[in-house]
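Undergrad: Okay, here's what each chain looks like letter by letter:
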Amino acid sequence: MSTIPATRQGHRPVAIVGFSQNHSVRSDSTSNEVEMLLPVIHDVFNRAGLTKDEIGFICSGSTDYLIGGPFSFVTALDAIGVWPPKSESHVEMDGAWALYEAFVRLQEGDLDTALVYGFGKSSLGDLNEIYNLQLDPYTMAPLHPDLVSLAALQARAVIDQGLGTEEDFARIAARSRRDAMTNPYAQIKRDDDVASLMREPYLVSPLRRHCLPPISDGASAIILAAGEKAFELAEHPAWITGIDHRIETHAFGARNLAVSTSTAKAAAIAGVGEGHVDLAELLTPFAHQELIVKAALGLSDSVAINPSGGPLAANPLMSGGLNRLGEAAQAILDGRATRTVAHATGGPLLQQNLVCVLEGA
Amino acid sequence: MIGSFLTALRDGVLIGIKGTGGKVIFPPTEYDPDTAEETSGIVNVGPGAVVTSWGWVSQPLKQHPLAHPFAWALIQPDGADTAMLHVVDAGSESAMATGMRVTATFRPADERIGAMADLVAFVPEEAK
Amino acid sequence: MSDQTYVTSDPRGSITKLDTPSRLEYFFTAGTSLSKNLRGYQRGQFIGQRCPVCSKVYVPSRGSCPVDGVALTEEVELKNTGTVTTFCVVNVPFAGQSIKIPYIAGQILLDGANLSFMGLIQECELEEVRMGMRVEAVWVDKADLVPSLASVKYFRPTGEPDAAYETYQEYL
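Residue numbers (our numbering), protein chains in the order written: chain A, 1 to 361; chain B, 362 to 489; chain C, 490 to 661.
Hints in this document: simulated from the structure, not taken from any laboratory.
Within a straight-line C-alpha distance of at most 25 Å, the following computed DSS-like cross-link-like pairs (lysine-lysine) qualify:
| no. | chain 1 | residue 1 | chain 2 | residue 2 |
| --- | --- | --- | --- | --- |
| 1 | C | Lys642 | C | Lys568 |
| 2 | A | Lys52 | C | Lys545 |
| 3 | A | Lys265 | B | Lys384 |
| 4 | C | Lys545 | A | Lys86 |
| 5 | C | Lys506 | B | Lys379 |
Here the structure is a predicted model, which means the values were calculated and not measured.
All chains, please: the whole structure from these sequences, using the hints.
TA: Written out as structure tokens, the structure reads:
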């Protein structure tokens, strides 16, 4: 039997043993949420060699504000078939936080497996107005700032503090789009040169279109397994050796937007710096955010960042963070890497951040 | 505390509150976001202020506060140690710079209702 | 000015509440499966779908069997008749009410279906409605058919003998 790497959180080792995602698209007008999830759920069960009846715990991440209907996560359960009744939970957050909850649940020791999924259709409403509702309702929401304008404030802070340039943003976008050309699930796949990207007009200065993520409909799912069970389900389980999430003040005018203190804290607790990192998958939907998160994680320039193309190539809301965990795990499941890092974010301008270290045996 | 902030806005006044170590938080909050300690001691801040970050909008959206090109900005009033989101009505992007001085413009007193809309915009100080 | 509260000389007093109007508009994606059901209403038909595993017929369906978690692929046209599994008499006015109270809201289990849905029951005295009562759908005029349940005006008693309790007890 293979050995399990030492873990920093929890007394019971937990690994990602299966990951599936669907092809992110600008608008999936033929599938409702259940139909969008069905193939992903079936695929992840197939990959792990499990059936729904063998799953101990189910946890999902989504938000009713995207679909515009209450309790949409309850209808989504039809994609799994929760009969006889299942132990289930939901977070009104990215699926990455659902994975965190499932990780904690598996620590109890009575269950060996968990299904985690996230889904979101960004095409159904006006994202600027939907995401306006996550801002302070007294002093910010009445002004109706849009997502790009808020990101521009952060990008300017990065530039002003000498942590990056507009050309750096373009280089990040070009690299992401190029890397996405080999990712069948990505949405924006192009071989752009930095000079031509720099000629794009500003949308909201200092941001040009290439600094922004695409709008994506998508879903993804992960199977977690604890202890020896992981070796039954995967040849190279991706062990969660460190995982943590931290939050900062909602009042982003009180933060230094060019620095992510919460990411740095989560990274220290997850042990990112305790070893070599083969690759990192970061939920940094705006190009400049990669620079902020990369610095907070303490990653060197030799670490491959978002080799999947990342959120600049596909940004399904509520499953984008779970995709980062999935992509970082898949590299280990495939035997391509032995130690990877995943990051997810929620709230305005990197307010809350989750960091996970995954290791192969 | 929000009520105090909005009541002051209706009077054409910007207020902050002292947090841990005497740091002045603006807009005022009940608790210091860094330490969770209760804040204490309302202070007047502004109306002069400094732009700590900004983004230029050349094509305003229909829901934006201004219909002509403007800057979204983080604005730190004199006497405050944190910034608030608002807009700078500067005319052109070339008039904008991080660290520039701006000042608050309010709606006429009889039109103010005690909401963010009482504050029309910030404008470059020399333009006032 | 006190230390903790801003004091105004404005006769309107302090601000204690704030209106922040918000409006969100959405597209709705019916999905492949529900689209078939909705198109059926446009033709004056109840279209359900059968689970390939448990053979249950769902009308309407979101595209998967909630028990087995598999895609529903087989289309089934259902009859116009069904059974009232349970009901209530609505006497309470509420915002957006389009029907004159009192009226009967019933759960209708169409013949051949394994999922009941709510329907208006008319042409029936309030005191006569009962569990197990047999009903049929009354559709709007052909020219007024639309891709929604609004194509069904209401259900009315057929006069057949009541259905046995065992035939619908699973759906209560």
